[in-house]
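Take the sequences, apply the hints, and build the full model.
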Amino acid sequence: MTAGAAPPPQILLAMSDLGFRVTHTYGLSETYGPSTVCAWNPEWESLPPSTRARLNSRQGVRYVSLECLDVVSTTQDATPVPPDGKTMGEVVFRGNVVMKGYLKNPKANEEAFAGGWFHSGDLGVKHADGYIEIKDRSKDIIISGGGNISSAKVENVLYGDFGGVGCGAAGRAVGGVAVCVCDVEARN
Numbered sequence: 067m068t069a070g071a072a073p074p075p076q077i078l079l080a081m082s083d084l085g086f087r088v089t090h091t092y093g094l095s096e097t098y099g100p101s102t103v104c105a106w107n108p109e110w111e112s113l114p115p116s117t118r119a120r121l122n123s124r125q126g127v128r129y130v131s132l133e134c135l136d137v138v139s140t141t142q143d144a145t146p147v148p149p150d151g152k153t154m155g156e157v158v159f160r161g162n163v164v165m166k167g168y169l170k171n172p173k174a175n176e177e178a179f180a181g182g183w184f185h186s187g188d189l190g191v192k193h194a195d196g197y198i199e200i201k202d203r204s205k206d207i208i209i210s211g212g213g214n215i216s217s218a219k220v221e222n223v224l225y226g227d228f229g230g231v232g233c234g235a236a237g238r239a240v241g242g243v244a245v246c247v248c249d250v251e252a253r254n
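Add 66 to a position in the sequence shown, counting from 1, and you land on the number used in this note's numbering.
Mixed in with the good hints, there may be bad ones.
[Said to hold, decoys possible] Using 16 Å as the maximum straight-line C-alpha spacing, the simulated EDC-like pairs for lysine to aspartate or glutamate come out as follows: (1) Lys201 / Asp150; (2) Lys166 / Asp195; (3) Lys152 / Asp136; (4) Lys166 / Glu109.
The hints are simulated quantities; they were obtained by calculation from the structure and are not laboratory data.
Below is the structure:
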């Protein structure tokens with residue numbers, strides 16, 4: 067089992083090659099730990115290994131203990147995004163395993179629970195099969211020239227194209243210019 071940051075498909079593929087089937091879960095302290103699981107779908111068995119790894123790297127579907135899970139637009143109306151695997155939105159939660167609020171912090175509670183949902187700060191997409199997939203943290207987006215670049219996408223490229231075994235990417239403005247800093251440990 068793995069939790070936390072989304073495992074790159076390349077890592078899951080390598081684990082599969084070693085005979086392991088990794089189960090991916092996702093959650094936050096505010097949602098009492100794991101709230102979703104990337105439940106293995108038997109139909110995936112007939113797919114190429116790289117496709118299985120990509121599907122298994124998604125955050126999955128809600129655990130039964132969570133009342134509602136959705137991905138909503140980041141606009142004021144927070145409408146659900148279409149399940150097209152492309153339209154980005156924010157992952158939101160509702161249910162009795164979601165915390166009641168931050169202690170003595172009404173401003174944070176107002177922001178976190180806008181519209182009656184707990185807003186995770188994680189940006190993701192919904193797929194037609196009901197699985198969600200985190201694309202990045204809203205606070206980790208790299209802004210360059212008016213465009214948004216996903217730090218998670220940069221990391222996945224480093225894992226796949228450059229053979230990294232451990233890497234991280236973060237954006238920061240230096241002298242008015244967006245700089246992406248990457249730390250990559252290469253395979254032997």
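How the hints compare with the structure:
A threshold of 16 Å between alpha carbons decides the hint, and for Lys201 with Asp150 the separation of about 14 Å falls inside it, so the pair holds. For the hint linking Lys166 to Asp195, the alpha-carbon distance of about 30 Å lies beyond 16 Å, and the restraint is violated. With a C-alpha separation of about 14 Å, the suggested pairing of Lys152 with Asp136 holds against the 16 Å cut-off. Of the supplied pair hints, the one linking Lys166 and Glu109 is violated, its CA atoms being roughly 38 Å apart against a limit of 16 Å.
Comparing the model with each numbered hint stated earlier shows that hints 2 and 4 do not hold.
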